[in-house]
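Below, each chain spelled out in residue letters.
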Amino acid sequence: MNRLARRNVLNTIMLSLTGVCTLLTTSVLFIILGFLVWNGWRSLDLNFFTKLPLSPGELGSGMANAIVGSAVVILISIAIGVPVGFFGGIYLAEFGGKTMPMLIRYTADLLNGVPSIVIGIFAWTIIVVPMHRFSAWAGGFALSLMMIPIGLRATEQFLRAVPNSLREGSLALGASRARTIASVVVPAAKQGILTGLILGVARIAGETAPLLFTSLNNQFWATRLGEPTATLPVMIFTHAISPYDDWHRQAWAAGLVLLVLVFVANIAARWVLSRGISAQRG
Amino acid sequence: MSTAVMAAPPRSRARKYLFRMINGDQVAHLVTLVFAASVFLVTALLVYELWVHSEPSRAKFGLSFLWRRTWDPVAAEFGAWPFIYGTVLTSILALLISVPLGVGAAIFLAELAPPRLSNACTFLVELLAAVPSVIYGLLALFTLVPLLRSPVEPFLKHTLGFLPWFQGPAYGVGYLAAALILAIMTFPFIISISRESLLAVPREQREAALALGATQWESTWKVIVPHARLGITGSIFLALARALGETMAVTMVIGNNTSVNASLLAPGYTIAAVIANEFTEATDNVHLSSLVELGLVLFALTMVLNGLAQLLIIATAGKGSKQA
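Sequence lines, in order, name chains A and B. For the numbering used here, add 246 to where a residue sits in the first sequence, where the first one is 1. For the numbering used here, add 34 to where a residue sits in the second sequence, where the first one is 1.
If you're looking for bench data, these hints aren't it; they were derived computationally from the structure. Watch out, some of these pointers could steer you wrong.
Unchecked claim - Footprint (simulated), chain B over chain A, 3 or more residues, beta carbon under 8 Å: (1) 254-262; (2) 276-290; (3) 310-322.
Think of the CB as a built atom: it goes at the ideal place given N, C-alpha and C, for glycine as much as any other residue.
Input sequences plus hints: build the corresponding full structure.
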């Protein structure tokens, strides 16, 4: 009886401990949000979105160039990463024999696990070194490398989820394989593929390390894609490690903006996916 | 790939082939193959470029680069040991914290929580995984570091100061701060993957244990968790790989000190942090190639861990589906 009581006590203790673990881990998110909103909201004003960064001490400083720069770098990486991820995913799911897809899947996983700073070095060696300058191109290329594995695997996964009967139906009607993929298979999986794209963008939007020595930073507007370009994550980094209080406030404001963007993208991806699933069921 | 064609009578094969060409099947195949193969080529190129650009450093220091302790850009003497030490130390410390927390939370979410609560919490945890690392760094720098500097580290020194790990001045920044922020950054991975593998354990296992008179904890700890152990181990390896390669958050709180220190309170350095800090400032060829070689070392470390993690996760997934 004593032994049973002990086992029951242990049961209660350990199960409550797992609950405590959950509480601790999930509360971290609210702590992060709380600090960012508390510190960021106070420093966020219209100037942040419309003005250039100024020297510490000057009023009305903003990060307009970094916001535009981030958008530019992300657009470049979408332009490179999405075609590779999308068509590569089609190859993995629809064409391909045995060894080739396996090899590509393996390297995609490998690429996905490469530390972001190493991606930065790579982009530096093949773009910054030959061009002799830091540029938005190099930053966009580095980020696209982080996006490709996500897009590739998402496309493959959701294409595979399309029932074979749809393909067979289309082929039986006399459509070619390419036509079947373009008109039947991909449309059936479009929600999933879109989710993969949004998640990929959400992942790269906050990446800092690959940009440190590819797109570098810029206190002014970058007029061309071949110039050093300011981005929000790098701005947060340089402002946060500076010794100035008003730069710290700018960093908090930028952090809040970036986090909101990333969360909105994540929630949007989830929403698109859930809508797709319910539409297929209904 | 071409079952429809194979099924056709051989007489019309030539015409069929022409037909397919016109419809672009071969073209589509080729185009998608080129895109897919570019993933492979670019990864191979990455390894090649790291290897080539680290040549001056490899030529000068050889393998001893890995255990040399000096990092002196002025004298052009470079060794990786302080950074390897810092990287491994902070990552392992981080996992000592995040593994119990993460596995505990995964058990709660998979075994105890009602599905709605479990899904809601998993969603929150996945959002946590999406927070950019520079934001973790920002928070760590302005909230965690001051907290460590004033009450926590003096307290540690006061109570555990006789141990070599808790000595020296309390700067706030250092191995401990980096390990704590890495712990927070890694547990989302542990939770979501461990939860998946716990959920993949067949119901019968749990019912059998309960029918034999086990308490819920006993059935969880002695039956369910061992059943899912490969997946859980895989999640830990994955988290470790993430921690080793993590750059921004660590760079902001590690303290940037190239000496090797036993004390956890001391400022240190990690591989990723030194690359982030010194890469744009390196003018000397040997300095630059030493940084690239550090990148190569980091790449090799994470690749081995990722490979192991993938194998373990695949192994559990295979097992679960076989028994389902």
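Structure-based check of all given hints:
Coverage of the region 254-262 of chain A by chain B holds [criterion: at least 3 residues with CB-CB distance below 8 Å; count 5]. Coverage of the region 276-290 of chain A by chain B holds [criterion: at least 3 residues with CB-CB distance below 8 Å; count 4]. Proximity of the region 310-322 of chain A to chain B, defined as three or more residues with a beta carbon under 8 Å from a beta carbon of that chain, is not established by the 0 residues found.
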